[in-house]
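Q: Letter by letter, the chains look like this.
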Amino acid sequence: SQQGEEDPQALSIQEGENATMNCSYKTSINNLQWYRQNSGRGLVHLILIRSNEREKHSGRLRVTLDTSKKSSSLLITASRAADTASYFCVPPFSGGYNKLIFGAGTRLAVHP
Amino acid sequence: DTGVSQDPRHKITKRGQNVTFRCDPISEHNRLYWYRQTLGQGPEFLTYFQNEAQLEKSRLLSDRFSAERPKGSFSTLEIQRTEQGDSAMYLCASSFGQGEEDTQYFGPGTRLTVL
Numbered sequence: 100s101q102q103g104e105e106d107p108q109a110l111s112i113q114e115g116e117n118a119t120m121n122c123s124y125k126t127s128i129n130n131l132q133w134y135r136q137n138s139g140r141g142l143v144h145l146i147l148i149r150s151n152e153r154e155k156h157s158g159r160l161r162v163t164l165d166t167s168k169k170s171s172s173l174l175i176t177a178s179r180a181a182d183t184a185s186y187f188c189v190p191p192f193s194g195g196y197n198k199l200i201f202g203a204g205t206r207l208a209v210h211p
Numbered sequence: 015d016t017g018v019s020q021d022p023r024h025k026i027t028k029r030g031q032n033v034t035f036r037c038d039p040i041s042e043h044n045r046l047y048w049y050r051q052t053l054g055q056g057p058e059f060l061t062y063f064q065n066e067a068q069l070e071k072s073r074l075l076s077d078r079f080s081a082e083r084p085k086g087s088f089s090t091l092e093i094q095r096t097e098q099g100d101s102a103m104y105l106c107a108s109s110f111g112q113g114e115e116d117t118q119y120f121g122p123g124t125r126l127t128v129l
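Chains as they are written, first to last, in our numbering: chain S, 100 to 211; chain L, 15 to 129.
So here's chain S without its partners, still in its complex pose (with noise of 0.2 Å):
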């Protein structure tokens, strides 16, 4: 198993500026997937890239990968306050069952 490790561990924007954090891992993957955890909604799954994906758009939110370089990306522009959360990426479990294993996240603080 693996798991991902993002980068920076903590980072503070004003509302309106964009956002972007990275994410390393150490062996190939079929998909990651990225979540995010707040005191209001809890942790949720934000969007799954796949490994012939490159980039992939949700709403405000952009995630890359590269698979060549086993990394990927989260920009989340035109930030909000409410977007104050942290952010994990987190690679499949490659033996099975489908566990998550979380790294420390990045800790976004977006300021009004």
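Keep in mind the hints are simulated off the structure, nothing from the lab.
Nothing here was measured: the structure is a model prediction, and the numbers come from that model.
Among the hints, a few may not be true.
Using 30 Å as the maximum straight-line C-alpha spacing, the simulated DSSO-like pairs for lysine-lysine come out as follows [said to hold, decoys possible]:
no. : chain 1 : residue 1 : chain 2 : residue 2
1   : S       : Lys169    : S       : Lys155
2   : L       : Lys71     : S       : Lys125
3   : S       : Lys125    : S       : Lys169
4   : L       : Lys71     : L       : Lys28
5   : L       : Lys71     : S       : Lys169
With the hints as your guide, set chain L onto chain S.
A: Relative to the frame of chain S, chain L by itself:
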């Protein structure tokens, strides 16, 4: 709301006491997971059920921890003889089981404080 629910949301107990948490998954989900999360860290996997069968337990789960999922519906997580190190958020998640693209849906968690 048909999401994952957990009860109680908060639990304060004294060291040495037993506590039990309940998780009600999304009704059509056959997979259920328990995770534990401490401050500043991501959730750590504890155990996994497919229907009523407990198929995997983390080495984090000491003998003081036990989990059940009778009839493949709700699940309980019991901690016996609690220790201060057990203080954490306990998260439950459920999923439908779609291979590697399976999405887990998390409950709000039970925050345990052991005094």
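Q: Taking the hints in turn, state whether each one holds.
A: Status of the hints after comparison with the structure:
1. S:Lys169 with S:Lys155: holds, 16 Å
2. L:Lys71 with S:Lys125: holds, 24 Å
3. S:Lys125 with S:Lys169: Holds: S:Lys125 and S:Lys169 sit about 7 Å apart, inside 30 Å.
4. L:Lys71 with L:Lys28: holds, 26 Å
5. L:Lys71 with S:Lys169: Distance ~29 Å between L:Lys71 and S:Lys169 Cα, so the pair holds.
Violation of the numbered hints given earlier is absent; every hint is satisfied by the structure.
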